[in-house]
Amino acid sequence: MLTCKEASKMVSQSMDRRLSVPERIGVRFHLLICKGCAQFRDHMTLLRRTCSQHAGSEESESALPGLSPAARDRIRQALMHNDG
Amino acid sequence: MAYNGHKITNPLMTDTPQLDPEAWLDAHGDALYRYALRQLRDDALAQDAVQETLLAAFRSRHGYGGQATERTWLIAILKHKIVDIIRQRAREPAFEQLADPGEQGMEGSVDESFDETGHWVMAPRNWGDPDRALENKRFREAFELCLSRLSPALADVFALRELAGLSTEEICKELDVSSSNCWVMLHRARLGLRQCLEVHWLGGER
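Those sequence lines, one after another, are chains A and B. In this note's numbering, each residue carries its 1-based index in the first sequence increased by 21. In this note's numbering, each residue carries its 1-based index in the second sequence increased by 20.
It is possible that part of the hints are untrue.
Lysine to aspartate or glutamate pairs mimicking DMTMM-like chemistry, simulated, CA-CA at most 25 Å apart [as the list claims (entries may be wrong)]:
(1) A/K30 <-> B/D149
(2) A/K30 <-> B/E136
(3) B/K157 <-> B/E218
(4) A/K26 <-> B/D131
(5) B/K193 <-> B/D68
(6) A/K30 <-> B/E190
No lab work stands behind these hints: they were computed from the structure.
Model the full structure from these sequences, guided by the hints.
As structure tokens, this is what we get:
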């Protein structure tokens with residue numbers, strides 16, 4: 022029987038690699054009886070969805086500022102010097 | 021900006037994209053910058069990434085067949101620049117220290133989440149409907165805050181995996197760390213983010 026520490030590590034790794042069959046059985050069994058780790062799994066899924074939304078959201082809905090005018094000018098200068 | 025003859029077309033007649041880095045800067049500069057800033061969390065480096073991207077795009081402009089939208093094409097170039105920058109940053113001593121498998125440092129913060137019998141010290145709580153969290157501006161703000169509070173090396177590995185979408189194999193290769201090391205770092209980043217979000221998302225006005 023996996024401990025929560027081991028089970029959560031497996032849940033995290035399942036986001037990065039395919040678990041072996043025994044690993045998968047162990048995790049699934051643990052998640053059936055452990056509410057905390059089942060929440061952890063849900064949180065990991067939400068984290069991944071948040072990241073893909075976050076990475077993809079290039080538009081203004083973000084609180085992040087855009088390029089400052091000074092930075093924009095500096096980049097423009099670099100571009101002009103490049104193709105002179 | 022002076023251009024050679026090949027550029028002279030009637031802008032109303034052409035359906036080829038404008039191959040003009042200054043126009044790209046105007047149209048996509050903010051989007052590229054925000055994209056880079058999210059992954060790099062550093063204003064100066066994010067500006068560099070934008071500049072490098074536009075220069076590289078201009079140099080390889082004839083390879084752009086217009087299959088992807090201009091922005092998608094530029095973002096693809098930007099992703100490579102971001103990986104380059106993170107790879108350079110990963111050579112700094114602070115990162116190597118964190119990436120070093122010296123057991124205590126690595127497992128230490130995982131250990132903080134569990135007691136000696138391997139049980140959660142504070143079991144993860146129910147966050148409610150994930151779709152509602154995703155739509156909630158406050159959740160996204162909490163996420164950005166928590167990401168910024170991760171240690172830089174963990175945040176870099178996490179960003180490469182989850183924001184840039186690299187596989188762990190690619191990350192290991194880029195950063196020259198072992199795969200088990202990479203998994204431990206990702207796990208630590210996820211534990212840290214989750215715990216921070218529980219405080220800042222659940223602990224808010226709900």
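Results for each hint:
1. Straight-line distance between C-alpha atoms of A/K30 and B/D149 comes to about 24 Å, which keeps the hinted pair within the 25 Å bound.
2. Restraint check for A/K30 and B/E136: the C-alpha separation of about 16 Å stays at or below 25 Å, so the hint holds.
3. Simply put, B/K157 and B/E218 have alpha-carbon atoms about 16 Å apart, close enough for the 25 Å limit, and the pair holds.
4. Distance restraint check for A/K26 and B/D131: the Cα-Cα separation of roughly 8 Å lies within the 25 Å cut-off, and the hinted pair is therefore satisfied.
5. Between B/K193 and B/D68 the alpha-carbon distance is near 23 Å, which keeps this suggested pair within the 25 Å criterion.
6. A distance of roughly 21 Å separates the Cα atoms of A/K30 and B/E190; the hinted pair therefore holds under the 25 Å criterion.
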